[in-house]
Every structure is written in structure tokens, then in C-alpha cells.
Amino acid sequence: MPFDAAAYEALTDHEDDARWAYGTGFADPLAGVPTAVPDDVDRADLAAYCLMLGDDALIMSHRLQQWVTRAPELEDELAIANIGLDLLGQARLLLTRAGEAEGRDRDEDALAYLREPAEFRNVRLAERADADFAHLVARLLVFATWRLALLDRLATSRDPVLAAIGAKGVKELTYHREYAAGWVVRLGDGTDLSHSRMAAAVTAVQPLVGELFQPHEIEVRLALSGVAVDPSTLRAEFDDVLTEVCRVAALPPPAPAAPAVTGGRDGQHGDELGAILAEMQGLARDVPGGVW
Amino acid sequence: MSAADVVGRVTDPELPMVTLAELGIVREVRESTDGVVVAITPTYSGCPAMEAIRDDIVTALRGAGFARAEVRTVLAPAWTTDWISETGRAKLAAAGIAPPGAAPRRGSGPVPLRLGARPADVTCPRCGQLETEQIAAFSATACRELRRCPACYEPFEHVKEI
Numbered sequence: 001m002p003f004d005a006a007a008y009e010a011l012t013d014h015e016d017d018a019r020w021a022y023g024t025g026f027a028d029p030l031a032g033v034p035t036a037v038p039d040d041v042d043r044a045d046l047a048a049y050c051l052m053l054g055d056d057a058l059i060m061s062h063r064l065q066q067w068v069t070r071a072p073e074l075e076d077e078l079a080i081a082n083i084g085l086d087l088l089g090q091a092r093l094l095l096t097r098a099g100e101a102e103g104r105d106r107d108e109d110a111l112a113y114l115r116e117p118a119e120f121r122n123v124r125l126a127e128r129a130d131a132d133f134a135h136l137v138a139r140l141l142v143f144a145t146w147r148l149a150l151l152d153r154l155a156t157s158r159d160p161v162l163a164a165i166g167a168k169g170v171k172e173l174t175y176h177r178e179y180a181a182g183w184v185v186r187l188g189d190g191t192d193l194s195h196s197r198m199a200a201a202v203t204a205v206q207p208l209v210g211e212l213f214q215p216h217e218i219e220v221r222l223a224l225s226g227v228a229v230d231p232s233t234l235r236a237e238f239d240d241v242l243t244e245v246c247r248v249a250a251l252p253p254p255a256p257a258a259p260a261v262t263g264g265r266d267g268q269h270g271d272e273l274g275a276i277l278a279e280m281q282g283l284a285r286d287v288p289g290g291v292w
Numbered sequence: 001m002s003a004a005d006v007v008g009r010v011t012d013p014e015l016p017m018v019t020l021a022e023l024g025i026v027r028e029v030r031e032s033t034d035g036v037v038v039a040i041t042p043t044y045s046g047c048p049a050m051e052a053i054r055d056d057i058v059t060a061l062r063g064a065g066f067a068r069a070e071v072r073t074v075l076a077p078a079w080t081t082d083w084i085s086e087t088g089r090a091k092l093a094a095a096g097i098a099p100p101g102a103a104p105r106r107g108s109g110p111v112p113l114r115l116g117a118r119p120a121d122v123t124c125p126r127c128g129q130l131e132t133e134q135i136a137a138f139s140a141t142a143c144r145e146l147r148r149c150p151a152c153y154e155p156f157e158h159v160k161e162i
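Each protein sequence line maps, in turn, to chains E and F. The first sequence: position 264 = 264 (UniProt numbering), numbered continuously. The second sequence: position 2 = 2 (UniProt numbering), numbered continuously.
Just to be clear, a hint being listed does not mean it is correct.
Covered stretches of chain E (chain F as the covering partner; in silico rule of three or more C-beta atoms under 8 angstroms from a C-beta of chain F) [claimed, not checked]:
no., stretch
1, 73-80
2, 160-166
3, 179-189
4, 243-252
To be clear, the hints were calculated from the coordinates, so they are not data collected in a lab. Just so it is clear, CB atoms sit at the ideal spot from N, CA and C, and this is done for glycine as well.
Taking the hints into account, I'd like the entire structure generated from these sequences.
See the structure below:
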């Protein structure tokens, strides 16, 4: 079939401003949303908290995008891409809110593309590279189960923007968790080989779990004023879900490990994050304001 | 034609058989001497069509003589497939896309964990078979899943309930 130049031009050569999914300078995803911050809330704390939740989604999304063209089946390719896209959307809203609260004139592009690794506040789980597909679904199950519980509570935040992002995200994460759990069950309750690799993947993710429930001082302060969620309150719900999935998957219940890999909320990251940012930020740094 | 009529007739870029009004994403269209303000609610947080939707609304309004138009985002309450109109559902089905059933209702407590097969009661939009099976939880967009009909063997898309 000949290359259909007209179809491509239809996507890129609009006379209007319509664009889809590439480049910088997209419309503010919070355009028209009231930007007020509740009076008694410290703006720097709120900005840092939005960065935590936004960076979790942004970096996890990037890791998921790296699976595109590498997934075992086309259907999973679509699922992983769509989950990554949902998280990217959550990240855009949260980074934009962070920029507003901070008041230093940084938009979502500046925050995503122009920060150094030590300025990223994502949990270490989000940046971990996946050794195989079982590792991916184990990590996604942990991430989605934790974040679903978190955003569900955030839906009652006193910050109306965070509350709205939470309520919206719950609907999306319910599907993400179901997708990951479905694969953990399929592999765990599958062949001897898939069972052993799924069990190994569940074990391998444990050292990254503890950090998810360690409250940062900013989270504690904001939780006291009804803005943030104290992540230590999520542990019981998380454990119940993981135990149930492992039971149905014929896997041993996850053995709690000491939180061995931590510090992400304070900007302490592995070399893995540097590699992610080099890939994610390269074009935006080389071509400032680039539209493509 | 009023600004609300103009906006209501703009079609969705990814589901061009239905209008934005039928999809239930237009929250408000307000005309004043300062121009037109349109409030829309995103379907999914990461929906890449939002950019195109904003642009299509402004272009349509300009084409109808409303030179000044602004599109604002309304995040809460979050969009639900329950807001898709009956006309919209009929158009989706006629185009071979099974419309969503009722959105799930939440009780108190944690979001229930669903393991195993999705419910089968999605009617095949081609042959009317009442029970079909899921092939994949996500399709060309986040808002749709892929299913297959055991009677006519055709695959089809279904707008997921959220």
C-alpha cells in the first residue's frame, strides 16, 4: 500500500491549532479551574505534595511507555499504553497544580522537562526497571493498589483540585489494578514456569513496598489539615488486596520485607531515574519550546 | 443558531458518530457581551482528544460568528458514561460500538477488587446476541474494551462503564 501522505498531513498540517500527543506547550489542563488554595494551607507544602503524586504518575507512565513494542501481545500493548496515558494525564494535572501552588511561574513542561533527578519526588517503585513481564505486572499491581487507595481518600481533600483529581483517578486506577491482578493470577496459577517466575517477581518487588507507606513530614502536616492522605493509613487495605490476589493466583502471601529502597520523596533516586530523564527530557531540552 | 447549538453539534474526534453534547462532556455554554465561555469535562485524565476537542469547539464557534470563545475545564464531578444520552447510545450501537451499561455504584469502604472474567451481559451490536466475551480490557482508546461475539464471531468495541 502506498504511503498515504494526505493522512499524515491531516494529522499534522492543520490550519488551526489542533494537536494530539507530542511536544511541549499544550493547553493548560487546568484551564478555567479555580486556582485558589485554602487559606490555612502552606503553598510550598501543597506544591511539594502535588509533585510527589505527580512524579509518581509521570515516572510510572514513562516506564509503561517503554513496554510499548515489547509487550507479549498486541492487546497488552494497548492496555499498557492506555494505563500509561491515564497516569500521564494525572501527572499533567498534578504538575500544573504544583506550579500554581508554588507561584514561581513553572508550568507542567518546566516541571517535567527541566528538573534534575534530585528534584523528583517519586517513590522508588515508580522508577524501577522491569526485568520481565511478570516483574511489570507485580510492580503495576503494587502501584495501582496503593494509588487507588490513596486517590480514593484524596477525593475528600479540602483542596478542591486534589479532590477532583482523586475522584477522577479512582475510576481509572480501578481498571489498572484489575488488569495487573488478572495477569498475576494468570501467570501465578499457570504453568510451573510461569508460576515460579511470577512468585519471583512478587518477591523482588517487596523491598520497594515499605516506602509507599512511610509518611513524609509534608504528608503528615498536610494530612493534619485535611489536604493530603497519610500513606500509613493505606496499609491494611493494600495488604488485604495483595493477599487476596496471591491467594487466587496460588502464590504464597507476600512476605513483608524491610523497606530497603527508600528516599524517593526526598529526591534520593537510583541511576535508573537519571536514565529515564535523559530519555524523557532530551528533546525538550535540546529544542526549547519544541512542537512536533 | 445559538452558541449552545453550535457547540452541541461538534462531533467527538475519536467517536465522530456522536456529538460532544450526546457524549455528555459539555457542562455549560454561556454567552455574554465578552464572548462565549464553554465548560467541558474530560472523559479520562489523559484523553489526548481533549486538545482537539477544545480546538474544534473554538473553530466551530468562530465559523458561526462567535469571534471570542474560551473553553474551560471542569474537573468535578468527574465524567461518567451515565451522561451519554440515549441518542448517543443509539448512534454508537449503529456504528458497531456497544454502548455502556449503568456505571458501577460504590458503597462505603474500599473499591471492591474484581478478579476473573468481566460480566458477559454486553449485547453484540451486530447480531444482537445477548452474551459476549471480553478479549481485552483496553482498546484503541482507554474508554473502550475489545469483545467478541460467540454467535456471529465478530469482534467489536464496547464503551466501558465508568
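Hint check:
1. Residues of the stretch 73-80 of chain E lying with their CB closer than 8 angstroms to a CB of chain F number 4, which satisfies the three-residue condition for coverage.
2. With 5 residues carrying a beta carbon less than 8 angstroms from a beta carbon of chain F, the stretch 160-166 of chain E meets the three-residue requirement, and the given coverage holds.
3. Note: the stretch 179-189 of chain E has 4 residues with beta-carbon separation from chain F under 8 angstroms; the three-residue rule is met and the coverage holds.
4. Look at the stretch 243-252 of chain E against chain F: 3 of its residues bring a Cβ nearer than 8 angstroms to a Cβ of that chain, three or more, so the hint holds.
Every hint from the earlier list agrees with this structure, and none is contradicted.
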